[in-house]
Amino acid sequence: MASSHQKDINLLLIGKTGNGKSALGNSILRTVLFVSTSSTTSVTTSIAEAHTDFNGRRINVVDGPGVGDTRVDNELATVLVLEAMNEAIRSSPNGYNALLLVVRFGRFSNEDKDTVDFLKKLFGVESVKQNCILVITHGDEFESEESGEGFEEWCAAQQGVFQELLQECHHRAVLFNNKTKDKSTQDRQLKALIEMVDQLDNVYTDEHFSKAIPGRIHLMIEARRPIISYETSFEIQKITEKLERLHFNGNPANRTKNLDEIFMEALELQDLLDAQDAQTGLLENEKTEVKILLNEITSKYTL
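Sequential numbering of the sequence shown, starting at 0, is according to numbering that gives the first Met the number 0.
Check the hints yourself; a few may be wrong.
Unchecked claim - SDA-like, lysine to any residue: derived pairs with alpha carbons at most 25 Å apart: (1) 128 to 105; (2) 241 to 279; (3) 6 to 186; (4) 180 to 59; (5) 190 to 7; (6) 290 to 261; (7) 119 to 91; (8) 290 to 257; (9) 180 to 105; (10) 128 to 113; (11) 119 to 17; (12) 210 to 274; (13) 190 to 31.
No lab work stands behind these hints: they were computed from the structure. Computed from a predicted model, the values in this text were never measured in an experiment.
Based on the provided sequences and hints, a complete structural model is requested.
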């Protein structure tokens, strides 16, 4: 646990590409230092760092990579995010006083839920509950609504997966208008965020990140699965064709020897899949296909 009276505050910005993560960083810094875009194509493939002083305290801000980069394939995007988050953890040896999970007002889609699930695997299943503050951006859109309800009332009225997210992070949520030029509004929302960080009083450290390694392995296997599935099907097809050629053209004298070679090839494929699966269970379908192939090869010995 960290002291709520410590001077420095370390913040890591995380969230889906296009939700206003970098713009939030600029609002906290009260100057434009991070590249910001409303596009769903990520600008951030590495981290950016900056700091500011506010009410006698140093605020260190790290802008993490946006999750959901549409410019690159899934495997490469996952690698880029994991590498950048590793860099983010190394850049703050004292840990982070809060992980700021950035969500856009009025838009919590299935893709946003997938992003949260991705981040929980990346940082640990307890990270949202213990270390996250939900920052709702595009506060100007909230202010323009004519419902007359306050932000806390609005949060209480939400349903479905967004309400579940609010409950998981113990209703630690703040509203940010990143477009406002009004200094009093800028200071007020930053003060509210700092107060919530102090109340959280729970630092995310390198130790927490290390404990989440199995989750990151899971993410990499998920990202690679389409390629693994394709390669497995290709190898199964090759082995099946060898079996068929053996059936029609095989020399009876060499049949057992050739079957042994084909069987060993299938076993090697099975061992490769076991290694790639890393006990995650993500490749069970592919492993089942290889088992069926092994049974088919075994049946040929009795013919």
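Hint-by-hint comparison with the structure:
no.: 1; hint: 128 to 105; result: 22 Å, holds
no.: 2; hint: 241 to 279; result: 31 Å, violated
no.: 3; hint: 6 to 186; result: 18 Å, holds
no.: 4; hint: 180 to 59; result: 22 Å, holds
no.: 5; hint: 190 to 7; result: 14 Å, holds
no.: 6; hint: 290 to 261; result: 14 Å, holds
no.: 7; hint: 119 to 91; result: 20 Å, holds
no.: 8; hint: 290 to 257; result: 19 Å, holds
no.: 9; hint: 180 to 105; result: 22 Å, holds
no.: 10; hint: 128 to 113; result: 17 Å, holds
no.: 11; hint: 119 to 17; result: 19 Å, holds
no.: 12; hint: 210 to 274; result: 21 Å, holds
no.: 13; hint: 190 to 31; result: 19 Å, holds
Violation of the numbered hints given earlier is confined to hint 2; every other hint is satisfied by the structure.
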